[in-house]
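Undergrad: Protein chains in written order, with the numbering used here: chain A, 1 to 147; chain B, 1 to 147; chain C, 1 to 147; chain D, 1 to 147; chain E, 1 to 147; chain F, 1 to 147; chain G, 1 to 147; chain H, 1 to 147.
Be aware that one or more of the hints could be misleading.
Said to hold, decoys possible - Taking lysine-lysine and the DSBU-like style, the derived pairs with C-alpha atoms no more than 35 Å apart in a straight line are:
hint: 1; chain 1: F; residue 1: Lys2; chain 2: A; residue 2: Lys2
hint: 2; chain 1: A; residue 1: Lys84; chain 2: A; residue 2: Lys2
hint: 3; chain 1: H; residue 1: Lys52; chain 2: G; residue 2: Lys2
hint: 4; chain 1: F; residue 1: Lys2; chain 2: F; residue 2: Lys84
hint: 5; chain 1: H; residue 1: Lys2; chain 2: G; residue 2: Lys52
hint: 6; chain 1: D; residue 1: Lys2; chain 2: F; residue 2: Lys52
hint: 7; chain 1: F; residue 1: Lys84; chain 2: E; residue 2: Lys52
hint: 8; chain 1: D; residue 1: Lys84; chain 2: D; residue 2: Lys52
hint: 9; chain 1: B; residue 1: Lys52; chain 2: B; residue 2: Lys84
hint: 10; chain 1: A; residue 1: Lys84; chain 2: A; residue 2: Lys52
hint: 11; chain 1: C; residue 1: Lys84; chain 2: C; residue 2: Lys2
hint: 12; chain 1: G; residue 1: Lys2; chain 2: E; residue 2: Lys52
hint: 13; chain 1: E; residue 1: Lys84; chain 2: E; residue 2: Lys52
hint: 14; chain 1: A; residue 1: Lys2; chain 2: D; residue 2: Lys2
hint: 15; chain 1: B; residue 1: Lys84; chain 2: A; residue 2: Lys52
hint: 16; chain 1: F; residue 1: Lys2; chain 2: E; residue 2: Lys52
To be verified - So the derived label-pair ranges between C-beta atoms look like this:
hint: 17; chain 1: F; residue 1: Asp25; chain 2: E; residue 2: Leu24; range: 29 to 37 Å
hint: 18; chain 1: F; residue 1: Thr29; chain 2: D; residue 2: Gly73; range: 17 to 25 Å
hint: 19; chain 1: C; residue 1: Gly36; chain 2: E; residue 2: Gln141; range: 12 to 20 Å
hint: 20; chain 1: C; residue 1: Tyr53; chain 2: E; residue 2: Gly23; range: 33 to 41 Å
Said to hold, decoys possible - With the Cβ distance kept under 8 Å, some of the chain F side facing chain H (calculated, not the full set):
hint: 21; residue: Leu46
hint: 22; residue: Ala64
hint: 23; residue: Gly70
hint: 24; residue: Gly73
hint: 25; residue: Asp75
hint: 26; residue: Leu100
hint: 27; residue: Pro103
hint: 28; residue: Leu124
hint: 29; residue: Gln132
hint: 30; residue: Gln135
hint: 31; residue: Ile136
hint: 32; residue: Tyr139
hint: 33; residue: Val140
hint: 34; residue: Pro146
Everything labelled a hint here was simulated from the structure, so no lab data went into it.
Values in this document were obtained by computation on a predicted structure and should not be read as measured data.
Backbone N, C-alpha and C define an ideal beta-carbon position, used for all residues, glycine too.
There are 8 protein chains.
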Amino acid sequence: MKVYLSGEIHTDWRERIVAGAEGLDVALTGPVTDHGASDDCGVAILGAESDKYWHDHKGAMVNAIRTRNGIEGADLVVVRFGEKYRQWNAAFDAGYAAALGKPIIVLSMPEHQHALKEVHAAALAVAEEPEQVVQILRYVQTGALPG
Amino acid sequence: MKVYLSGEIHTDWRERIVAGAEGLDVALTGPVTDHGASDDCGVAILGAESDKYWHDHKGAMVNAIRTRNGIEGADLVVVRFGEKYRQWNAAFDAGYAAALGKPIIVLSMPEHQHALKEVHAAALAVAEEPEQVVQILRYVQTGALPG
Amino acid sequence: MKVYLSGEIHTDWRERIVAGAEGLDVALTGPVTDHGASDDCGVAILGAESDKYWHDHKGAMVNAIRTRNGIEGADLVVVRFGEKYRQWNAAFDAGYAAALGKPIIVLSMPEHQHALKEVHAAALAVAEEPEQVVQILRYVQTGALPG
Amino acid sequence: MKVYLSGEIHTDWRERIVAGAEGLDVALTGPVTDHGASDDCGVAILGAESDKYWHDHKGAMVNAIRTRNGIEGADLVVVRFGEKYRQWNAAFDAGYAAALGKPIIVLSMPEHQHALKEVHAAALAVAEEPEQVVQILRYVQTGALPG
Amino acid sequence: MKVYLSGEIHTDWRERIVAGAEGLDVALTGPVTDHGASDDCGVAILGAESDKYWHDHKGAMVNAIRTRNGIEGADLVVVRFGEKYRQWNAAFDAGYAAALGKPIIVLSMPEHQHALKEVHAAALAVAEEPEQVVQILRYVQTGALPG
Amino acid sequence: MKVYLSGEIHTDWRERIVAGAEGLDVALTGPVTDHGASDDCGVAILGAESDKYWHDHKGAMVNAIRTRNGIEGADLVVVRFGEKYRQWNAAFDAGYAAALGKPIIVLSMPEHQHALKEVHAAALAVAEEPEQVVQILRYVQTGALPG
Amino acid sequence: MKVYLSGEIHTDWRERIVAGAEGLDVALTGPVTDHGASDDCGVAILGAESDKYWHDHKGAMVNAIRTRNGIEGADLVVVRFGEKYRQWNAAFDAGYAAALGKPIIVLSMPEHQHALKEVHAAALAVAEEPEQVVQILRYVQTGALPG
Amino acid sequence: MKVYLSGEIHTDWRERIVAGAEGLDVALTGPVTDHGASDDCGVAILGAESDKYWHDHKGAMVNAIRTRNGIEGADLVVVRFGEKYRQWNAAFDAGYAAALGKPIIVLSMPEHQHALKEVHAAALAVAEEPEQVVQILRYVQTGALPG
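Can you make the complete structure from the sequences, with help from the hints?
TA: In structure tokens:
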């Protein structure tokens, strides 16, 4: 089962899923999570831009090679909304996955509930902790519930 | 040409596009823009919920009947990001439209440039004023440029 | 807006939706609701069958010309589960609509809630009365809520 | 050949197919067949619900992660209708598979023939015994007929 | 309802359907039925070919502009197999329509039953007379059965 | 490269392709080529039919499980028209493959050129001998031409 | 019938098709053919760019709103290769149309035959004069051949 | 990651990508790059043609078996425009890949910037040197930037 882990890149939620999913038959992928590399990949490879817009644009396009392949090839997309930043890319990925008919798990915080209601409405599960995602993966693969 | 106007519902940007597009062959649609109705439509029609999550969920699902049809039937999707709120639904719509291969115009503010770079990367045009969207509609339909 | 009304054919729920939706821009379609004609259309047109299985099969195939076109052309599919019979064709239509990504409203009775949970999970709204479907159609088209 | 075994979970029909298909190049999958786990998976992982509707809803959504992937990835879908219960999920799966163009084998009882005629009309084979499904798998893979 | 009438061009079956369907809301289309024009259209417009293969090829390609649009735009495809010739184009059209998921009615003669079994297996109805096709069109549109 | 070999089952053309393709990275599949088994598979597994039409129908449906999977999974479809019989199933397969956008090679005899012109027009190559198919497979995989 | 006229914008070939097609039921569309407007539309509406690459990029993106809608909505795409310039956009449009399965007519000059062979291989007709395109449109709509 | 290398066949750009990508998990494919074989494959295998147009046509069709499979199976398409020739096949491939939604990297020279603007507008990256393509592949796979 191919699972794409989209969204927030500042906490260890991906690592917690990777660790928890050990022993399951899942292939976990996601975006480049090195913030600096992700921001600068376009100009670092394809040449500098004086205008910040095009600097960012080039990077976003190069990252899209990875993220679109990741989402399109996934059997399940997990989208994490964290505490900080606007995280429009996470919501964009959720919309992208929804239009492709991919099963979606949203990982979000209670205080974002109202703001995320349209995104939640496209999800098959809404969780708060990475360990719940692991439990879903285990249940979906083996039928085993926690506890 | 069917144009879906997604996103921010607190300023008059839709009205400015409607007014400017007079005389063009465009059918402009969008979500329900009455904030209260949009929030409460689920429970008002289908019955109250004690839990806020399900209250919101029911509403978001009913609204999705309109928004998904709107985006899927559109020849062009305009997504507006305004000053306030988290606007994850706007980014979600952009992702949804992108995955369907719809041409997208993003209407956003300079201060959001970096945060929107992944959304911008999926757009065919990024504008700041509704009048620019009108100019694009006019150009695309008639070949006439402003001025 | 094209709305396909699938399912139960023994009560007046379609008539109530048709009456309530007067004035809205909706085109309401559905299966042939004359039970006898629906059962016998195959053999009446294409020749008798001695075996009941093929008698039914021929009829179901001819009806499928209408129902598949109806569902595939719809912007919204309403599926009604009534009191009696097994109604597997209603559930089949719901699954068919779901796989095509059609917005679905399920019209069902509280006592069927558990048995319909997989079908409900594919719906954007679950209602008990045809008038609620009308209210959704009105809201989705005009933004107006009841009351 | 990937075969998804949908429907009834109270008899040993899946085991009989698994046993019979030994030696064939088939990968057999299906839903979680532990009735209790299947009913409670949503709340067990994502938190309790006071309302039975949402309790069931959460579970149905989590199960959908497995069942939709199973059907969408299958080369052949077998749908079994048993003696008891309403089995709307089985008919839903059949409709879902039909809309995706998947070859379908229905495994059903003679007394359900009339009620299942629309589902049968979407199938490439209608059998009564699991061993017939095995014979079809063997024939389709090797060309060998029984006896 | 758009109906594409494919196949045999030497008898009056299309005229009988056109006449019978008067008053129904159907748009009937089909290939060019002037045998000579159909054979020579390629070279008549695009220049002569010394080689019979390319003469025929050019014509078949030009005709494909019409036939593919006709089949792809149809809500129902009727394929007629007549008494004479090999009629591989009729079977090709049936396969083309089947892969697109179009409802198919085959109009054929009893003596071709065995040879057409794979084509029949892809049809929702197999008729012998054009009037039966009209009866199906009438039933599918109005629910009325003959007699 | 997955190659589906459709059509005529009375000569050794498949064996000649299999032999010639030795050493190439191709997986060759096709229908069941035992004529008797192919005709009787439906009734042998699912029960006898007194009516020849339904006898044939059941068999054609069971064979369709194999043939549709074969064509849909193929990277290339070879369709062979032989000397005898009407071979409508071969033309049907060609139409089916064409609508799916599969590359098609037609293997046919000069005397059928005119009758096959619509089928040829959908092919990327028209050959007369199985060895030419092998040469195409070799060229497409390795770039090597014969001689 | 919707026909998109892609390619060369310096001669009167579109006008000749428009004039010739008078009386036929065709809707002819195409790109903006004012070379200056086409080059500058991006910066004229969305703001100047100091870098020529982004100047051109913005224009190409705005034009894509029109051209992609035009090709995707077309029943037939005509691609004209003229005498001058590199015309990569014409070949790009041809590839785009081919991947969507659109019928294509290429309008080209004999001296470009070898260089266009891959593009020609995706076309249903290759013509040299706009009047031939008109003759094809007339034949496809009415069955009438020239002369 | 499957990468299709389309376009120019006269310089060593493919070899430079192959060499640079050593150690990455990429499968690099492309067209037959032996110019003579590519031109003559059709007639060499399927028989000579007296008319140059059909000579070329047969070859282009046989090559299309390889190129279409290559593009359709790719996760990423690189299209190289070199110094010489009209290279319409490269632009055609870019359009084909774009319509399929494939991520595209264009490898081109500064002097072609204006002429390629529509093709560039469909790309996620525009590079000048094969080594930049390698750097993108490495970044997309490993997150590592050059230097």
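Undergrad: Could you work out which of the previously given hints the structure breaks and list their numbers from low to high?
TA: Violated hints (numbers, rising): 17, 21, 22, 23, 24, 26; every other hint is consistent with the structure.
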